[in-house]
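Peer 1: As a plain string of letters, each chain reads:
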Amino acid sequence: MGKINQKSSRWQRFLDNDIVYSFLTTPGAMIAATITLIAITATFAAPLIAPYNPFDPAQISLWDGKLPPAWTDGGSSAYLLGTDNQGRDMLSTILYGGRISILVGIAAVFLGMLLGVTLGVISGYFGGLTDTIIMRIADVQLTIPGILVAILINGIGRATLPLELREEFAIYVVIVAIGLTDWPQFARVARGATLVEAEKEYVQAAKLIGLPKFTIILRHILPNTLRPVLVIATIGLALAIIAEATLSFLGQGIPPTTPSLGTLIRVGNEFLFSGLWWITFFPAIALIILVFSVNLLGDWMRDALNPKLR
Amino acid sequence: MSNLLEINNLSVDFPSRRGQVAAVNKVSISVAKGEVLGLVGESGAGKSTVGNSVINLLEPPGYISGGEIIFDGTRIDQMSNEEMRKIRGAKIGTIFQDPQTSLNPLMTIGKQLSETLIETLKISGSSALQKSIELLDSVGIPNPDQRLNAYPHQFSGGMRQRVVIALALAGDPDLVIADEPTTALDVSIQKQILDLIKSLCKQRNLGVIIVTHDIGVIAEIADRVAVMYNGQLVEEGKVRQVLQKPKHDYTKSLISAVPSGDQKLDRFTVVDYIDGSEEKTTISNVSEHWLSKTKSSEAHQTAISVENLSIEFSIRKALLRKNRIMLKAVDDVSIEIKTGESFGLVGESGSGKSTLARLIAGLYTPKSGGINIFGHNVLQKSQKAKTSLIRRKMQMIFQDPYSSLNSRMTVEDIVSEPIRFHRSTENSNETSKVIKDLIAFVGMPVSSLKKYPHEFSGGQRQRISIARALASRPEILICDEPTSALDVSVQANILNLLKDLQEELSLTMLFISHDLPVIRQMCDRVAVMQNGKICEIAETDKLFDYPEHEYSKHLLGLMPRMDLFRL
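Listed in order, the protein sequences are those of chains A and B. Residue numbers are given in the working numbering: position 239 of the first sequence equals residue 239, and the series is strictly consecutive. In short: position in the second sequence from 1, add 1000, done, that's the working numbering.
Honestly, the hints are just simulated from the structure, not real lab data. Where is the CB? At the ideal position from N, CA and C, for every residue including glycine. Just to be clear, a hint being listed does not mean it is correct.
To be verified - Computed, partial: chain B to chain A, Cβ under 7 Å: (1) S1028; (2) I1029; (3) A1032; (4) I1133; (5) L1363; (6) Y1364; (7) P1366; (8) S1388; (9) R1392; (10) Q1395; (11) S1403; (12) R1408; (13) T1410; (14) F1421; (15) S1472.
Said to hold, decoys possible - Derived DSSO-like pairs: lysine-lysine, alpha-carbon spacing no greater than 30 Å straight-line: (16) K213/A x K1436/B; (17) K1386/B x K207/A; (18) K1386/B x K1317/B; (19) K1122/B x K207/A.
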């Protein structure tokens, strides 16, 4: 009995939270969150819900290749969104491809966040020469368009891998490439937040207790810098998904054997002028909806976590 | 004498998710021409809201839910924004709290003044310029014709506030609302600004509403005073009458809570009307308790001795040394603080008193000079282990209770952190017992341990800060303006707590404040600081009765003379 009461009060307190309240009163954020959630569950449950497995040669028949969507002339009810040139079901490929896109996006953002936040907090806390060196590197990297940096890192990564491993490791190379492109954003935000927090009196109190620098950074400063970082991470996720798609579209990313959304768009692009519009169109729409809703979520989060902006 | 402004039964509501909050509840006040009305109350009393609703600048979602505001015979509370805009500036001028933010930093003050003049008086540019000079002259800015082209940052805080007053007077208003006009200023400037407002009021036959939390300001300037508490008007009347014979209990306690500068009391008068403050549990037999287990065996006569200490900050950075501009924040300071003594450090903002405290605490490294704590030179590089052991005996209580606690940690984690880190207890059972003792010792309920800092008020947070400082088992406590961010009623409680702690734990205390009456009550000896230098060190009573240094005399002369009204 007591336990249930406590649980309900905890639930009440959760609902009472300002951020939760703001979420529940912002329809845009709720729609965006729903779509993002559906996209993530659907793509991750792809093996369970997709009508076909596009990677199983037994389920692919070239005879069914290049079929248009089910509702158009010549479409087959077996393939709702049509098939690509190899006879793979578009809906299934989008679900499987979306999974790769989201995975790469999340992993890349995590890598960028880990690197950026670490360097940013160190930079902000210690200041001086350390700060100058780290932030100048970030500045220089920001002057070069991100996608070029990613292509460069990607190219170097591939070139150093032995030939037989390239296909297998392509996805990791892409993650590292995007992650290494991302970090300056995180570093800047984390550094700014650290500069603000380090001046606060609770940090001085921690110094007086005699805590070592590392403990102060980890226990006191880091948790207080995470709010703005979270916002950047959400918007960064959308950007990382786009970056992956761009790399794959340019043929620099995920190989066609394990397609991501970007790869699908590229494959479809070759057939666009022969009238097979659906091979490009549906993956592109999926990409747009995904990125748009993640972005919307990030925007809402920025407003909700920073009441001064409103 | 007919009333210039009349507020009848004004109510202001702020709708929020958790229901309506009545910020102002049926308040009726009036101001006549040539009269200064003081509106006094503690934070959250609704005094600023009254001021803002007169000029129709209530912060949304607040709105006027009842009553009327009549200005010069017309009702203004229902006017549209456009109509109101013509009254604001032209008929009602406003002086805001912080002169740093109420002027546009990108415009010269001449531009800002003439812009307002052209808009409100509909005059030409050249005559506006002429009028600006007159205005600046009337608020006491020297060489006004040359200062017109200066930017706000080229003025000092007090001068800037004068410019703000000039701006408020630009439209030749009949009523001026001043919202905490001197709170952001030093005492010496406060007096000048108050005198200026008062004389302008009489000269121009203005009605003035002064909104303040400081009874001293009211005593200084107001003709009549209205006391607000919790959105309601509790008392109104002539200043002398209200301050001498307060009728309402709240007013009585508010007046008695203001520390007196002329006699030394045993304890601060606690405003029991406001804060149903928890009784502090005393730890029986403190000498046996965990808190005093590590009292140094070797007794030292002097706890802190500072010799010729100096520190500089660069105001302008440059590659070449000769181009740098340095500010000597602490300049060749020597003090000695005896063990068990309560030592006060007083001075105006920028005098270097906080910097000195942080130097002693070890948060800054000095440029030259020496610091000895209990006879140990803490600046020498060798013997680091001993230095950190000694440093631990020194803890600090900070000014801002809102930034001095990590908002991501529970109170329990905050208070136990030093104990856990130094492993100063045998096991976790003892730790939790000690924490409970500590939190009760500073007068907080044990249930607060599981809560987060944002669930507490400023005074309670300050108590938590004190508990955290005690958890390191300090022998020296540095208090940097521990109560200047708090209301008077809460101030008394915190100061009493600090006083008791000092006595019971026989702590050495370095107490920093700009508030002379507080220093008088708290300290045995006082050092007066100005521009990074120590002007005078004396016994407290001696300093207050027979100050020797010119600056000490000056400071003492500025103390609000509450005694005029005390019986």
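Peer 1: Hints broken by the structure, by number, lowest first?
Peer 2: 1, 2, 3, 4, 6, 7, 13, 18, 19
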